Every structure is written in structure tokens, then in C-alpha cells.
Amino acid sequence: MKPLATSIVFALVFVCACDRSGSPSAAPSASSMGVQAPIPTPAAKPEPAPSASGAEGPSPPAHASTVTFDQEPVGGPPSDFEGVVGDWYIADVGRVRGLKVDGSKWRSGEPSANIADQAKRLYGDRYAEFLDGVKAFAFFPLAVWKGDPPAGDIRISVRFYPEAGKIDQGAGIAFAVAPDGTYLGARANALEDNLLFFRVVKGRRTVIDTIRGVSTPSKTWHTFAVELRGKQLSVELDGKKRFDKTLDAVPTGRVGLWSKADSQVVFDDFAVTTLESATATGNRP
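Numbering-wise (the working numbering), the sequence shown opens with residue 660 and increments by one.
It should be emphasised that the hints constitute simulated quantities derived from the structure, not laboratory data.
Keep in mind the model is a prediction, meaning the values are calculated, not measured.
It cannot be assumed that every hint is accurate.
[Claimed, not checked] Pair ranges (Cβ atoms, derived):
(1) 725 x 935: 11 to 21 Å
(2) 776 x 906: 30 to 40 Å
(3) 876 x 754: 18 to 28 Å
(4) 810 x 779: 32 to 42 Å
(5) 889 x 723: 12 to 22 Å
(6) 751 x 904: 32 to 42 Å
(7) 891 x 735: 33 to 43 Å
(8) 825 x 783: 34 to 44 Å
[To be verified] No more than 27 Å apart at the CA atoms, straight line, and that leaves these computed lysine-lysine pairs for BS3-like:
(9) 890 x 900
(10) 878 x 890
(11) 764 x 805
(12) 764 x 878
(13) 825 x 878
(14) 861 x 900
(15) 861 x 805
(16) 890 x 805
(17) 779 x 904
(18) 779 x 805
(19) 764 x 904
(20) 825 x 764
(21) 878 x 900
(22) 878 x 899
(23) 904 x 861
Glycine included, C-beta positions come from ideal geometry on N, C-alpha and C.
Modelling step: build the complete structure from the supplied sequences, incorporating the hints.
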């Protein structure tokens, strides 16, 4: 049995600034200078880290949809995602097969060549609104899960392996992806040691919260999860809860994977789990 294992802005003016702009300067790391430490590629997929919320005893999941990529051909597009912005394809890392976002050819960025057809498959007659929101902006690669938009309290989780990237090595989860191309997201970045919570509207990102001092080393597998219970958002990294926030409204819409600029990151074991309502179990007043 396979072990369980627990992501657009090219603006009209080209900007290539990292997320860390405006932060206090820090001593450059080896990875930020383009020097990769000799960390060996894992021989096999590691066991998932324990859930931080699981340690608190949440209600058991009502339903889970998990996407793995083990049976998909290397080099081909993913069958369960629409890679609407950026280059997304199936790739191997050691003995692990996953979905890779490849920003190695990124310059000014561009959306997928068949983005109109992809938008129609995702949003039907409203596809033109989605195109207006994303086709001119490609600084942020985005792959949207083809599954039905989840409803109610949910947990979105994924494993990711930051492989390369001189500007960024960003790995994120997008949620509340709307037909007009707006969405919310949370991301880690192996070059910056922080987490971000942000909103993207018409391809322009606004960072809402920054959590500093969070390490996600390159060439290492990590777990990442976003949990949404009503308006309450929590973010976990490597089994530890790192961020809580009360949103202005209950997020609804599609979910997917997110990245940035020249990042090369492999994702695996993407899961969307519907959670039993905390109200029903008496955990919420």
C-alpha cells in the first residue's frame, strides 16, 4: 500500500520583485545566491507529518478527495488539474511522481496556450470573466483542481518539494477561486523563510498577512494545509499550525495550486477533505 502523504502577477508593467521586498535585509543564504546545498533527493516518499489540528482532536472527516500522480505519464499534463497559468506537467523527483510547476523558461510570463478551452471547462458560460482576470497576468502560475468546488468546512492539503528557482521557490494553495479570476491564497517560499496570506484581484496580488521565521528548506519534502471552518482560516506547515485569521466572509469557489515566477516545485498528494461542522459537534458557540 502506498504511504499517505500529505499552488498570475505579470502586470502590464513588468515587475520582478521578490515577496521579501520591503522587509529588513538579511544575510544572503546559499540558496538565495543560486548555490544549492548538497541535500540528497529523497529515495521514496516520506510519511506525512501529523496534523496540527489532528492533535487537537477535530471531528472525523466526512469525505476526502485525494489526487496522486503515480499512474500519469511523465511529461504530460495532469488529468485532475487545469494548468491555466504557467508550465505544469508530471515529473519525477527520485522515486516520487508528482505535478511540477516549471518556471525555468519564465521571462515576462504567459498564460496557458489553451486557456480559453480550460476556462470553459471550469466555468462554462462565464469563462470570459475568468479570462479577463488572468490572461494578461502570468507572474503567478496557477493550476485549478477540476473537482467540484467544495462547500462547507474543508481542509486542503498537499506535499511539496522546492526543487529550484533563483527568484522564488514558492509553493502555495489557492482557494475561493472565482469565475472572474480572483482568489485567496497561502504560500511558503524556500528562499524567504516566511508564509504569506494574500488576495489576487484581476491578476494583482495584495499581501494581507506575513508570518516570518518559517523555514522550508529547498530539496526537502514539506506538508502544507489550509483549513477553512466558516470564516475561520488556519494554515499549517509540516504538521504545525502557523497562522489563524478570521475572514470577512465565508470563502467559496474552486481550489488549486499556486506558485511564483521562476519557481520549480513538485507537488504530490493533493487532498480536499470536507469536515464535520464544528457547530454540529458543539465545538463552536
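Task: Unmet hints by their number, sorted upward, for this structure - done: Violated: hints 4, 10, 14, 17, 19.
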